[in-house]
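Asker: Chain residues, written in single-letter form:
Protein chains: 2
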Amino acid sequence: MRIDGLQYANWSEKIFRQMREGEVDAVHVTISYHENFRETVLNFERWNRWFEQYPDLIQKGLTAEDIEKAREAGRTAIFFGFQNPSPIEDDIDLVEIVHTLGARFMQLTYNNQSLLATGCYEAEDTGITRMGKQVIKEMNRVGLVVDMSHSADRSTIEAAELSERPIAITHANPYDWSPALRNKKHDVISAVVQHGGMLGFSLYPHHLKDKTDCTLQSFCEMIARAADQYGVQHLGIGSDLCQDQPDSVVEWMRVGRWSKEIDYGEGSASQAGFPPMPEWFRDNRDFGNIESGLRMVGMNDEEIAGVMGGNWFRFFADNFAPVPA
Amino acid sequence: MRIDGLQYANWSEKIFRQMREGEVDAVHVTISYHENFRETVLNFERWNRWFEQYPDLIQKGLTAEDIEKAREAGRTAIFFGFQNPSPIEDDIDLVEIVHTLGARFMQLTYNNQSLLATGCYEAEDTGITRMGKQVIKEMNRVGLVVDMSHSADRSTIEAAELSERPIAITHANPYDWSPALRNKKHDVISAVVQHGGMLGFSLYPHHLKDKTDCTLQSFCEMIARAADQYGVQHLGIGSDLCQDQPDSVVEWMRVGRWSKEIDYGEGSASQAGFPPMPEWFRDNRDFGNIESGLRMVGMNDEEIAGVMGGNWFRFFADNFAPVPA
Numbered sequence: 001m002r003i004d005g006l007q008y009a010n011w012s013e014k015i016f017r018q019m020r021e022g023e024v025d026a027v028h029v030t031i032s033y034h035e036n037f038r039e040t041v042l043n044f045e046r047w048n049r050w051f052e053q054y055p056d057l058i059q060k061g062l063t064a065e066d067i068e069k070a071r072e073a074g075r076t077a078i079f080f081g082f083q084n085p086s087p088i089e090d091d092i093d094l095v096e097i098v099h100t101l102g103a104r105f106m107q108l109t110y111n112n113q114s115l116l117a118t119g120c121y122e123a124e125d126t127g128i129t130r131m132g133k134q135v136i137k138e139m140n141r142v143g144l145v146v147d148m149s150h151s152a153d154r155s156t157i158e159a160a161e162l163s164e165r166p167i168a169i170t171h172a173n174p175y176d177w178s179p180a181l182r183n184k185k186h187d188v189i190s191a192v193v194q195h196g197g198m199l200g201f202s203l204y205p206h207h208l209k210d211k212t213d214c215t216l217q218s219f220c221e222m223i224a225r226a227a228d229q230y231g232v233q234h235l236g237i238g239s240d241l242c243q244d245q246p247d248s249v250v251e252w253m254r255v256g257r258w259s260k261e262i263d264y265g266e267g268s269a270s271q272a273g274f275p276p277m278p279e280w281f282r283d284n285r286d287f288g289n290i291e292s293g294l295r296m297v298g299m300n301d302e303e304i305a306g307v308m309g310g311n312w313f314r315f316f317a318d319n320f321a322p323v324p325a
Numbered sequence: 001m002r003i004d005g006l007q008y009a010n011w012s013e014k015i016f017r018q019m020r021e022g023e024v025d026a027v028h029v030t031i032s033y034h035e036n037f038r039e040t041v042l043n044f045e046r047w048n049r050w051f052e053q054y055p056d057l058i059q060k061g062l063t064a065e066d067i068e069k070a071r072e073a074g075r076t077a078i079f080f081g082f083q084n085p086s087p088i089e090d091d092i093d094l095v096e097i098v099h100t101l102g103a104r105f106m107q108l109t110y111n112n113q114s115l116l117a118t119g120c121y122e123a124e125d126t127g128i129t130r131m132g133k134q135v136i137k138e139m140n141r142v143g144l145v146v147d148m149s150h151s152a153d154r155s156t157i158e159a160a161e162l163s164e165r166p167i168a169i170t171h172a173n174p175y176d177w178s179p180a181l182r183n184k185k186h187d188v189i190s191a192v193v194q195h196g197g198m199l200g201f202s203l204y205p206h207h208l209k210d211k212t213d214c215t216l217q218s219f220c221e222m223i224a225r226a227a228d229q230y231g232v233q234h235l236g237i238g239s240d241l242c243q244d245q246p247d248s249v250v251e252w253m254r255v256g257r258w259s260k261e262i263d264y265g266e267g268s269a270s271q272a273g274f275p276p277m278p279e280w281f282r283d284n285r286d287f288g289n290i291e292s293g294l295r296m297v298g299m300n301d302e303e304i305a306g307v308m309g310g311n312w313f314r315f316f317a318d319n320f321a322p323v324p325a
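Note that the protein sequences, when read in sequence, are chains A and B. Residue 1 is where the first sequence starts when you use this note's numbering, and the numbers rise one by one after that. Residue 1 is where the second sequence starts when you use this note's numbering, and the numbers rise one by one after that.
Excised from the complex, chain A in its bound form (with noise of 0.2 Å):
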């Protein structure tokens, strides 16, 4: 089985199509960097759109059986998330509310402060503010995962030990890896797999050693160096693909509205732009390659299964459903 934390691409056909190439059974895909709630709506009715046009490449997925229906019709399950807040507004009944449309995934902060905690960008964390607490709580209760990919160290550490349920950073590699701002230091990931959580690995460049330049074997050590501290069941892939994306996109992923200044984010002036993938991981047919990779750098093959999707399975399994009532 194989799983995909995080995705942003420019959807279409072809990209679907290839999923299917790589035998992706399942992906998270990212519906709102800073869309509010209506905006989001409009994103939702847009992969409405999609699963109606592609029935035999693509089909919404909820909850971890969907998976296994779409394992059985050929089909890759499409898993809705948000990597800042800005869905649910200053509303905690959006919560709620974005949950029965199908979100399932919500980071708390999007590299900025938002109204529940503080993003990796920001000179100073306070960890989770007094919405940011009420929020977990009804997170929790409903069935949407703490996501904290890009928040900063306190928050993090906060919202696993708040969170009454297990929370994930979907897209992210150790700190000690690959010393970038949106990398996790080792109390930051101790904290989420101490509490049940995730970490899904990056194949975003800027998220690499050596970004572009990064090799495979690097890549897989790391992985298995990971398995080792953590224990491998915490493990899977969250690639950060954002296939096909014109660079005006990366620059919306940045500023959003919130400054009429440029912000170069991980970047920088003379390299605003998407970076070039990895030539081992160009997008969803290579799949293949991280799993060979694996096998080389002397992991099982019961490790293998988990980190390419079964632990992403069970979590999804344990963590998608509403707290019985």
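Some clues are possibly wrong.
[To be verified] In the DSSO-like style, the derived pairs of lysine-lysine whose C-alpha atoms are separated by at most 30 Å in a straight line are:
#, chain 1, residue 1, chain 2, residue 2
1, B, K133, A, K185
2, B, K69, A, K133
3, B, K185, A, K133
4, A, K133, B, K60
5, A, K260, B, K133
6, A, K137, B, K260
7, A, K260, B, K137
Hints listed in this document are in silico derivations from the structure and should not be mistaken for laboratory results.
Guided by the hints, dock chain B onto chain A, whose structure is given.
Answerer: Below, chain B alone, put in the same frame as chain A:
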């Protein structure tokens, strides 16, 4: 001249008539606590209807000169403000839009953490956020005054320092006089006035020494002391009069949409509603009592005229217009 730096009444012809009876020339009225942009536009619309309906009592205020015009016509000029940045949502370009619509004050926070700064009820305060810095710059440019009445200490001091134009605390009292969480400590007031800002004294009982039982003399002595400490030219009234509001409104003010649990704010479970006003300041008809009280504690005519309206007038004249291009 009498100017009130903040009111949030349940508006009616009765109250507009009382403003005339109390010879109130201008009032800064709150038109948003938690309203988003679209909801705030509804509140602008409501006021447009009232201006149409009561042209002999009230008119829209955009500049200090509008106060003089209103005086000549025997009307009260109404200036708009927000107690939360919720009307600009996550969109910096809405700053200019709301100014064009007539907004002249915007609080960066209302008790809680916002996208811009920390509110006075959060456990910790990281100061002005990344977005906050951008938004203050834009507010300075268009002539929308930063109001920190409900903000935490560090955020307020940073706002005073970062802002290139003076800021205001439209409605609060010195913490030294009455140690409410919403009142302002010495170094906070100092930072605001050192940068040319204003403090409006609140008559909301939770901000008064002995609350509803506060005496006129104690209130006026506090003002006289503040005049000595901070310079009388930085002082005005910001009554925070919430006349005729049902208790459901104080619940909306406190909880908005951010919590499913009740939060009592400055009140308590046993005293959840609006507190009764002191008998010497029931409503707009009682500004004369404050004037007499200030005289009683030894302030001279010029000082009293400044506190009752002259200082706000000068502040309005300096800070509501865009910076020349």
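Asker: State for each hint whether it applies.
Answerer: Verification of the supplied hints:
Only pairs whose Cα atoms come within 30 Å are accepted, and K133/B paired with K185/A is accepted, the gap being roughly 28 Å. Among the hinted pairs, K69/B with K133/A is inconsistent with the structure: their alpha-carbon atoms are about 49 Å apart, more than 30 Å. Pair hint K185/B plus K133/A holds up; C-alpha atoms about 28 Å apart against a cutoff of 30 Å. Our distance criterion of 30 Å between C-alpha atoms is broken by K133/A and K60/B, whose separation comes to about 40 Å.
A C-alpha spacing of about 11 Å is found between K260/A and K133/B, which places the hinted pair at or below 30 Å, so the restraint holds. Pair hint K137/A plus K260/B holds up; C-alpha atoms about 10 Å apart against a cutoff of 30 Å. Distance check on the hinted pair: K260/A and K137/B sit about 10 Å apart at the alpha-carbon level, within 30 Å; holds.
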